[in-house]
Amino acid sequence: MKVIAGIIPKLNKTLRALLATMMALLVLNVTWQVITRFILPHPSSFTEELARFFLIWISLLGSAYAFHTHSHLGFDYLAKKMQSNAAVTTAKLGYVLVILFALGVLVIGGVNLTYITFLLNQESPVLGIPMGYVYLVVPLSGLLFILYGVWGLLEVKDPSNLREHAL
Amino acid sequence: MAIKHFLKILLLIPLAILQGCGVDTNDETYIIRLGHQLDINHPVHKGLVFLKEELERRSNGSMSIVIYPSSQVGDEREVLELIQIGSMGMTKVSASALESFVPEMKVFSLPYLFNNQEHYWKTLNGNIGKELLAAGQPYRFKGLGYFDAGSRSFYTTKKQVITPDDLQGQKIRVMNSQTAVSMVNTMGGAATPVSWGELYTSLQQGVVDGAENNLPSFYYSKHYEVSQYLILDEHTSIPDVIIVGTHIWEQLNSEQKEWLEESMIAATDFQRELWAESTRESLEIVKKAGVKVIKAEKSVFQESVLPVYESLEGTDLEPLVKKIKSLGVKQ
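From first to last, the protein sequence lines are chains Y and P. Sequential numbering from 1 applies to the first sequence in the working numbering. Sequential numbering from 1001 applies to the second sequence in the working numbering.
So that you can see chain P by itself, here it is in the shape it has in the complex (with noise of 0.2 angstroms):
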């Protein structure tokens, strides 16, 4: 009998797996399996929950997404390879993780590309923001919208950065990516890869002399207690990207699509407003903390830079750094 009911679950659980995988049978559900890295209090996540709750009203029910926060399903270029594959519907990576899929992406780790926050989202709302969107097509990723991820500045443990000349021999700790080793070289660092999971004992034990990343990052990893410095030189903004995988974006119907595309506008504003207020808030506590907090005299690290965009002449991005440069000019 044991055996019998032991065969039985054991049934069970691809059945399990089946239904999750698109149309639930049984009340005509369609759920799309989203997975991400972030922890549920982070306002991404609230984000998504946002975008969740708005596509199941928008739809009366009819569709919905289920969140596997806190890397489940595993890291964000593993999340990639399965909507890839076809075994998870969405998901939402930064758009320096989808470089090593889309090529295009990379613009986005371009240091000071954007002037200001207006330039940003003007860009992003704007054609090429579709444009950006729709380039993952044929890599099986059907880009659905942005959410902010702020904009990335360098913090030190052992000496203050005003300028780039102080940058001057300090490792400094950036994501695997060459635009990141690039730009921070350029501006006179020695820009080390090390994974995000190592990065605050490396701060402690003096692997490296610094990092750099947006506000909430940095007051959530805790690297602020190991920290001295923090200045504000928003190098790089780099945004979030909310992907559907082409499989299931091609089964929907139009209406279904109208759903999902005008959820994540809500969900945009929604995430965009959560975001400044966190920033604001990482900002209070790890001042509180002790950190030292540095505004910086921006245009001296944006000329540091100039040589990145010298090296990007003739090559496939130039067009489109271009276009999204003379977009800030004119405003």
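If we strip away everything but chain Y, and leave its shape as in the complex, we get (with noise of 0.2 angstroms):
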């Protein structure tokens, strides 16, 4: 608990900046497509690769942020009609299911897809990168689902700020 308790504030932190860092690349990026396409006489080839994959990561990655803080989007009607203990263990089943799903589809699928990719060697068609360091983000976004996800089960055991775990 404490070890977690200690790591995620930090792990907050770098992926926040990770996020923005994205974020503002993949604005600029989408801008200079633009000038490109309508300004300047040449378009450039390799914006509309590097948006795509730039939105895997921040989606990937943004997902799981974002079910730490609770701003992903969740189904809460039922969650909310029942008394406290009941919606204590809704919470803790959500949080169980979604740390198998994040187990077995992101983490163990995607080291096997990223696995595969890198082994057999697929390049992406115009930039020309190993495919495999873009679904890296699969089995890295899944170890973080899995983190968020137990310290959302260690953390919901105060009914207190039940609400905001609803899922």
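For the record, the hints were derived by calculation from the structure and aren't laboratory data. Where is the CB? At the ideal position from N, CA and C, for every residue including glycine. The reader is advised that the hints may include incorrect statements.
Stated by the list, open to error - Simulated coverage check for chain P against chain Y, where a stretch passes if three residues somewhere in it have a Cβ under 8 angstroms from a Cβ of chain Y:
id : segment
1  : 1081-1089
2  : 1095-1109
3  : 1188-1199
What the hints assert, rightly or not - Some chain P residues close to chain Y (C-beta under 8 angstroms, calculated; not the full set):
id : residue
4  : 1171
5  : 1176
6  : 1181
Taking the hints as your guide, dock the two standalone chains into a single complex.
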């Protein structure tokens, strides 16, 4: 518990900085695409692909962060109607399901996908970078989901902040 | 009770999925799953249906193919990845989509690589074609054979293009491929990679001034509605490749492999005819719709892309290009 509590704030800070940087680069990249297409004579060929890769990284890492800050979309209609201990159980169950999904699909499936893509040397068509680097974000976000999920599970004991945990 | 039923159904779902993966134990039919991107009216889909029927006939019903058309299981790159992972058995992809997996396939994106149709088919049906099909093996793709995907030509919305000089300053949409980008830029145009789905509106709104594709695609995509000119310069002939995953191929016994290969040969011939018919039809329809069709002076275009070949010197592709070119000279 203490270990996680120590890690979480630092992780949040790093993640926020990383996401903000990528978002800024994405905006610059798309602006450059518009400028080259409509003002300069030769449109840039790499911008579309780069924008797509940024979007993949931002949405996967961002959704893990949003899950932690409870800003990820969730369905809380039933949880709101429950008594507090039933709601706590529901929230816990929610966290467990998220952790299982993150472990099975994002981490195990993602590692498999990344490994095969690196092994078979697939490259992106325009930039020519190994696609494995793009896919690396899948297991990475899976690990974040697990970490934040475990943290949520430990935190959810207190019924006073329950509303926030309604998943 | 209701929950019990629900659980039963829940248990049946993975079983049903597993059954699709290979041998169907009930009636001993070996089923291969094939996913592709095209509509069921497209000549390529009809060719694949023919392949399935041919395979069933030759194997006396002991083998079959289940086809998932219209990108049901994903776009070209996604299906290729599914084959590498082992979730999908077969697919049809453009050789240009294979470029990022099998580097040798880049050769087909080179402009005016083939002198004519005869040279094209001689290459595909000969040793070079076989070598290229085999080149995918280390990447878990076994190439079965080729389908005709015609020749690609330019079409523009505002300016008539007769020689490469007319391409100057024109924004031409190309596929997401470095070879395609450098080809158009070498001819004098401004290559703009735009995704296929966005192209209609891009042509309409002037994001790009033109694009390039084969005739049936020009027609099926309805891009002729927003294009005024079509110039038949036929700069590239990029075949479609039928691929079976090595995880499936290695499971087959020699008899089954033979059935599949023979069916593929028959399907190639069948699809070639369908394609030729579809090309003729498409040309007629777009002409009727008011698109001005221009015959191109191909030699001028051919000359304009010579720098593309110069830039290949010393690369891994050079020997392959030389071999293909020498096949054309002998005729």
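For each hint, the structure was consulted:
no.: 1; hint: 1081-1089; verdict: holds (count 3)
no.: 2; hint: 1095-1109; verdict: holds (count 3)
no.: 3; hint: 1188-1199; verdict: holds (count 6)
no.: 4; hint: 1171; verdict: holds, 6 angstroms
no.: 5; hint: 1176; verdict: holds, 4 angstroms
no.: 6; hint: 1181; verdict: holds, 5 angstroms
In this structure, none of the earlier numbered hints is contradicted; all agree with it.
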